[in-house]
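So the protein sequences, as listed, match chains A and B.
Just so we're aligned, residue 239 is where the first sequence starts under the working numbering, counting upward by one.
Just so we're aligned, residue 859 is where the second sequence starts under the working numbering, counting upward by one.
Keep in mind that the hints were calculated from the coordinates and are not lab data.
Warning: the hint list may mix true and false statements.
Said to hold, decoys possible - According to the in silico footprint, chain A covers these stretches of chain B (three or more CB under 8 Å from chain A):
no. : stretch
1   : 891 to 904
2   : 940 to 953
3   : 964 to 971
Unchecked claim - Subject to a maximum C-alpha distance of 25 Å in a straight line, what follows is the list of computed DSS-like cross-link-like pairs (lysine-lysine):
no. : chain 1 : residue 1 : chain 2 : residue 2
4   : A       : Lys241    : B       : Lys898
5   : A       : Lys276    : B       : Lys896
6   : B       : Lys899    : A       : Lys241
7   : A       : Lys241    : B       : Lys880
8   : A       : Lys276    : B       : Lys867
9   : A       : Lys276    : B       : Lys880
10  : B       : Lys877    : A       : Lys276
11  : B       : Lys911    : B       : Lys898
12  : B       : Lys867    : A       : Lys241
13  : B       : Lys899    : B       : Lys911
14  : B       : Lys867    : B       : Lys880
Each residue gets a CB set at the ideal place from its N, CA and C atoms; glycine is no exception.
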Amino acid sequence: AQKVTQAQTEISVVEKEDVTLDCVYETRDTTYYLFWYKQPPSGELVFLIRRNSFDEQNEISGRYSWNFQKSTSSFNFTITASQVVDSAVYFCALSEDNGANNLFFGTGTRLTVIP
Amino acid sequence: DTEVTQTPKHLVMGMTNKKSLKCEQHMGHRAMYWYKQKAKKPPELMFVYSYEKLSINESVPSRFSPECPNSSLLNLHLHALQPEDSALYLCASSQSPNRRGDIQYFGAGTRLSVL
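Just chain A, with the same shape it has in the complex:
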């Protein structure tokens, strides 16, 4: 079974629009970690945020914000006032408390910001 689901395969927005990328996860652990990574065309996976399962506070970092809701097993990512440089593939990932630091990636969402 897929542990992380990113239902949006591709999204296109016009510059300055807000956009939300959805992430739904599945785990039986009570302790787990959620991540978002950005992969621009250059290929490098850039770490954006980590959240542990006990911290449900939403977080804002500049134009980026994250909404973690355990009740719906979701960890959504919003970009406010999108810019062309935000164009990339965004991966949500889960790490469980099973003795190894394995990352289970979602299938990714390709975001295109149109100037």
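Add chain B to chain A, keeping to what the hints say.
Positioned in the frame of chain A, the structure of chain B alone reads:
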């Protein structure tokens, strides 16, 4: 500095060639990872090294041979590859193999084409 350096950036090889991919980090991280990423897919874990010892091999064919000569270096030796092995190979590192949810920092990858 959260830099993981991978060389070469691009590699084209024939099915009878032997080549090596190199990964380097100077963050004092003691866990290092190799991932394989096919086009439009998420990264898939291949190997994990913990304290320079191979701790996880995700049933990778023997034509891929990892090596960790010291705590800063990780190599992936390639021999008798198949065209379906063409992919982006990503290296990552994290601070401690024993810490759940440790952030993995990725390099820019090596784009491999097997002819």
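Against the structure, the hints come out as follows:
no., hint, verdict
1, 891 to 904, "holds (count 5)"
2, 940 to 953, "holds (count 4)"
3, 964 to 971, "holds (count 5)"
4, A:Lys241 with B:Lys898, "holds (18 Å)"
5, A:Lys276 with B:Lys896, "holds (16 Å)"
6, B:Lys899 with A:Lys241, "holds (15 Å)"
7, A:Lys241 with B:Lys880, "violated (31 Å)"
8, A:Lys276 with B:Lys867, "holds (19 Å)"
9, A:Lys276 with B:Lys880, "holds (23 Å)"
10, B:Lys877 with A:Lys276, "violated (29 Å)"
11, B:Lys911 with B:Lys898, "violated (31 Å)"
12, B:Lys867 with A:Lys241, "violated (31 Å)"
13, B:Lys899 with B:Lys911, "violated (28 Å)"
14, B:Lys867 with B:Lys880, "holds (10 Å)"
The structure shown violates the earlier hints numbered 7, 10, 11, 12, 13.
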